[in-house]
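2 protein chains.
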Amino acid sequence: MNEWIINSIGTISTPWKSIDNMPIQPLGAEAVKGTIKIFDEYLAGLAALEGFSHITLLYKLHKITDYELTVIPFMDKSPKGIFATRSPKRPNAIGISTVELLKIEGNLLHFSGADMLNGTPLLDIKPFFEKFDNRFNTRQGWLEGRDENDIRKTKSDDRFKM
Amino acid sequence: MNEWIINSIGTISTPWKSIDNMPIQPLGAEAVKGTIKIFDEYLAGLAALEGFSHITLLYKLHKITDYELTVIPFMDKSPKGIFATRSPKRPNAIGISTVELLKIEGNLLHFSGADMLNGTPLLDIKPFFEKFDNRFNTRQGWLEGRDENDIRKTKSDDRFKM
Chain A
1 MNEWIINSIG TISTPWKSID NMPIQPLGAE AVKGTIKIFD EYLAGLAALE GFSHITLLYK
61 LHKITDYELT VIPFMDKSPK GIFATRSPKR PNAIGISTVE LLKIEGNLLH FSGADMLNGT
121 PLLDIKPFFE KFDNRFNTRQ GWLEGRDEND IRKTKSDDRF KM
Chain B
1 MNEWIINSIG TISTPWKSID NMPIQPLGAE AVKGTIKIFD EYLAGLAALE GFSHITLLYK
61 LHKITDYELT VIPFMDKSPK GIFATRSPKR PNAIGISTVE LLKIEGNLLH FSGADMLNGT
121 PLLDIKPFFE KFDNRFNTRQ GWLEGRDEND IRKTKSDDRF KM
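Protein chains in written order, with our numbering: chain A, 1 to 162; chain B, 1 to 162.
Any given hint could turn out to be false.
When chains are identical, the list treats them as one kind, so a pair holds in a single copy or across two.
What the hints assert, rightly or not - Straight-line Cα separation of at most 25 Å, DMTMM-like style, residue types lysine to aspartate or glutamate; simulated pairs:
hint : residue 1 : residue 2
1    : Lys155    : Asp40
2    : Lys89     : Glu130
3    : Lys153    : Asp66
4    : Lys17     : Glu3
5    : Lys77     : Glu130
What the hints contain is simulated information worked out from the structure, not anything from laboratory work.
The whole structure should be built from the sequences, with the hints applied where relevant.
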C-alpha cells in the first residue's frame with residue numbers, strides 16, 4: 001500500500017491571493033508578514049517553539065492539481081527536471097519555507113518571509129537549527145552564479161497557474 | 001475536505017534496519033551512504049539534478065503510526081512541544097534531510113548523510129541552494145549552546161519505537 005492520507009494542522013494566511021507577482025522564496029518576501037492559525041487539537045505541540053527565531057514550514061501547495069516532470073523554472077529559460085527545481089507542480093506538491101517567527105499568541109503564529117498563498121494548509125513545523133541545517137561549499141547546478149538579488153527580484157507569474 | 005492522499009516517488013535504502021543507534025541528523029551520518037531508487041514513472045524529473053551537490057529529501061517516517069504532542073527529545077531531558085523538536089512522532093510524520101548527492105546512475109541516486117531507516121518511502125527531492133536556504137544569527141530556543149559535536153554524538157534509542 002503506497003498511498004498515505006495526511007491532514008493539515010493549521011492554515012496559513014498571507015497577503016498573496018493569487019500566484020501572480022508572488023515572491024518565489026522567503027528571501028524575496030523578507031518584509032512580508034503572515035500568520036498561521038493552528039487547529040486547537042494541536043495547540044500543545046507549540047510548547048517551547050517561541051525560543052526559535054526561525055521555523056521551517058511544510059505545507060500543501062493546495063492550488064496544484066497535477067504535475068509536470070519537466071518545467072522551465074522562474075530563474076531560467078531552459079527545461080529542467082522537476083526535482084532539480086522548486087517549481088510547485090510536483091508529484092507530491094509539498095512546499096517548504098524557512099521563515100522568521102515573530103511572536104506566538106495562543107494558537108496564532110506571526111511570521112515574516114511569507115512566500116505562499118493565502119489559505120495554504122500547514123502540514124508541519126520544524127524548528128530551524130543553524131548548526132544542523134546550513135550547508136556550505138555546495139555546488140548548485142543550473143543555479144550556479146545566481147545570487148540573492150536575483151532571487152529577491154524574481155516574482156512568480158502565471159506559468160504554474162492551474 | 002481536509003485530507004490529502006500522497007504517493008511515494010521512490011524508496012530509500014540505508015544501513016539502518018531499526019532506529020536503535022541511528023544518527024539523529026545528517027550531520028551525525030556524514031559518512032553513512034544510502035541509495036534512492038526512483039520509480040520509473042518519475043525518472044524524467046531527475047534531469048539537471050546532478051549539478052547539485054546537496055539535495056533536500058522529504059520522506060515518510062513510515063514506522064510512525066501515531067503522534068504525541070509533547071515529547072522529550074534526544075538532545076534534552078525535559079518535555080517540549082512536538083513542533084519545537086525534530087522528533088518523529090508528529091501529526092504528519094514527514095521527515096526532511098539535506099544530504100550530499102554523490103552520483104546518479106539511471107534511476108539510482110547515491111548519497112551520503114543517511115539518517116533515515118532502510119525502506120523509507122521518498123516523497124520529494126528539492127535542490128539545496130545555499131543562498132536560499134542557509135540562515136544566520138538565529139535564536140535556537142532549547143537547543144541554544146548545543147553544537148555540532150553534540151549532534152554527531154547523539155544516537156537514536158528506542159523512545160520513539162512503535
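*Classify it for me, Lys89 with Glu130: is the Cα-Cα distance of at most 25 Å met within a copy, between copies, both or neither?*
between (29 Å within a copy, 22 Å between copies)
Alpha-carbon proximity context of Lys155 and Asp40, limit 25 Å:
neither (34 Å within a copy, 33 Å between copies)
Within, between, both or neither: how does the pair Lys153, Asp66 come out at a Cα-Cα threshold of 25 Å? neither (27 Å within a copy, 42 Å between copies)
* To do: First find the shortest C-alpha distance between Lys17 and Glu3 inside one copy, then the shortest across copies, and answer within, between, both or neither for a cut-off of 25 Å.
  => For Lys17 and Glu3, the Cα distance is within 25 Å only across copies (22 Å; inside one copy 30 Å).
Inset, instruction - Pop the pair Lys77 and Glu130 into one bin, within, between, both or neither, using alpha-carbon distances up to 25 Å. - result: between (33 Å within a copy, 21 Å between copies)
Of the numbered hints listed earlier, those contradicted by the structure are 1 and 3.
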